Structure formats: C-alpha cells, structure tokens
Amino acid sequence: MDSMANDGWYVLKTKPRQEDRALENLARQGFNSFGPKLAVERILRGKRTVRTEPMFPGYIFVQSDELATQFYKLRSTYGVHSVVRFGDRIPKLPQSWIDSIRGMEASAETQAPEVGDQVEITEGPFKGFLAKVVALDGESRCFVLLEWMQKEVKASMSYSELQIQ
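Just so you know, we're using full-length UniProt numbering here: the sequence shown kicks off at 1 and counts up by one.
Calculated directly from the structure, the hints in this document are not laboratory data.
What you are looking at is a predicted structure, and each value in this text was computed from that prediction instead of being measured.
One or more of the hints may lead you astray.
[As the list claims (entries may be wrong)] Heads up, simulated BS3-like pairs for lysine-lysine below, C-alpha to C-alpha not over 30 angstroms straight-line:
| id | residue 1 | residue 2 |
| --- | --- | --- |
| 1 | Lys127 | Lys151 |
| 2 | Lys92 | Lys13 |
| 3 | Lys47 | Lys132 |
| 4 | Lys154 | Lys47 |
| 5 | Lys73 | Lys47 |
| 6 | Lys73 | Lys127 |
| 7 | Lys47 | Lys37 |
| 8 | Lys127 | Lys15 |
| 9 | Lys92 | Lys132 |
| 10 | Lys15 | Lys37 |
| 11 | Lys151 | Lys132 |
| 12 | Lys132 | Lys154 |
| 13 | Lys15 | Lys73 |
| 14 | Lys37 | Lys73 |
| 15 | Lys37 | Lys13 |
| 16 | Lys154 | Lys127 |
All chains, full assembly: derive it from the sequences and hints.
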C-alpha cells in the first residue's frame, strides 16, 4: 500500500446518518475533514420547509498526510464505517476536486419558485416562454400557466427548467 504515503484527500464511508458525528470526532482528533451539505426544500404536510442535507449521504472527505500511519485511527473513529478503497488501492482526491465540490455547495443554493411567481422556461420545447407558477407539485416540480397559440396552457415543469424573473 505505498499509495497511502502521499498527502491528499480521501473518502470515508460513514455509518448511516452519522456524517456530522464523524466530522465532529475527526475534528477533535485534529483532522481536516469536509462533509458538503445542501439546503433542500421539501414539502411536508403541504408546507415548504428548508432542510440541510448531506450532498453525498453516507460519505465525507478527510485530508491526511500520513494515511499509512493514520488508517486505523480514521477507520475506528466514531461515526466512520470505513475508508473507501478498491481492493488494496485507496483512491486519493486532488485538492482541485475538493475546491470544486465546495464551489458546488455554495452555488447550489437555488431558490424554488413560489405560487404566483413569473418565470422564464429555460429548457425544452417552450424555452424562452414566460409563464406564471400556479401550483407546486411535490419537491422539485410545479405547474405553470403559459400562453401558447393564443391559449393559456397548464404544464408541469421541473424547477431546474425555470428561472425566476
């Protein structure tokens, strides 16, 4: 396992829903660790709520300069299930990947449309059309009213296909 001697970021598999516990215990041991999170809007009992959830449920990242000597310490940390590996090879992530994930974490804070919002359709056959949100349809879709061929048409759209005006 000579690939373990280099500085880099590694992926740890956590125990179910224990990402925060693992991150806290790694920090106590002096490790630089990272568990990206996203603000996710959910509709629970008819009300929209925002919850923070892991970007990669069950996985976190840890930086180690001496993985060979710290392997068992990482693996036995409360909340950690194992170090991700393929056979006897432990993949190392470059700093640029961690930086890009941190960038995604920051830019993922997209706003979901509300009933009554004016939106522009950004994808599909109605690209460029303006519409009005008339109802929410689950966690990631809504119904919009748009004018097509001199008629008002109701369509179901994904939030990712819309841009709030």
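Going down the list of hints, with the structure as the test:
{"no.": "1", "hint": "Lys127 <-> Lys151", "in the structure": "holds, 17 angstroms"}
{"no.": "2", "hint": "Lys92 <-> Lys13", "in the structure": "holds, 14 angstroms"}
{"no.": "3", "hint": "Lys47 <-> Lys132", "in the structure": "holds, 20 angstroms"}
{"no.": "4", "hint": "Lys154 <-> Lys47", "in the structure": "holds, 22 angstroms"}
{"no.": "5", "hint": "Lys73 <-> Lys47", "in the structure": "violated, 43 angstroms"}
{"no.": "6", "hint": "Lys73 <-> Lys127", "in the structure": "violated, 53 angstroms"}
{"no.": "7", "hint": "Lys47 <-> Lys37", "in the structure": "holds, 22 angstroms"}
{"no.": "8", "hint": "Lys127 <-> Lys15", "in the structure": "violated, 43 angstroms"}
{"no.": "9", "hint": "Lys92 <-> Lys132", "in the structure": "violated, 47 angstroms"}
{"no.": "10", "hint": "Lys15 <-> Lys37", "in the structure": "holds, 17 angstroms"}
{"no.": "11", "hint": "Lys151 <-> Lys132", "in the structure": "holds, 14 angstroms"}
{"no.": "12", "hint": "Lys132 <-> Lys154", "in the structure": "holds, 10 angstroms"}
{"no.": "13", "hint": "Lys15 <-> Lys73", "in the structure": "holds, 16 angstroms"}
{"no.": "14", "hint": "Lys37 <-> Lys73", "in the structure": "holds, 25 angstroms"}
{"no.": "15", "hint": "Lys37 <-> Lys13", "in the structure": "holds, 16 angstroms"}
{"no.": "16", "hint": "Lys154 <-> Lys127", "in the structure": "holds, 15 angstroms"}
Comparing the model with each numbered hint stated earlier shows that hints 5, 6, 8 and 9 do not hold.
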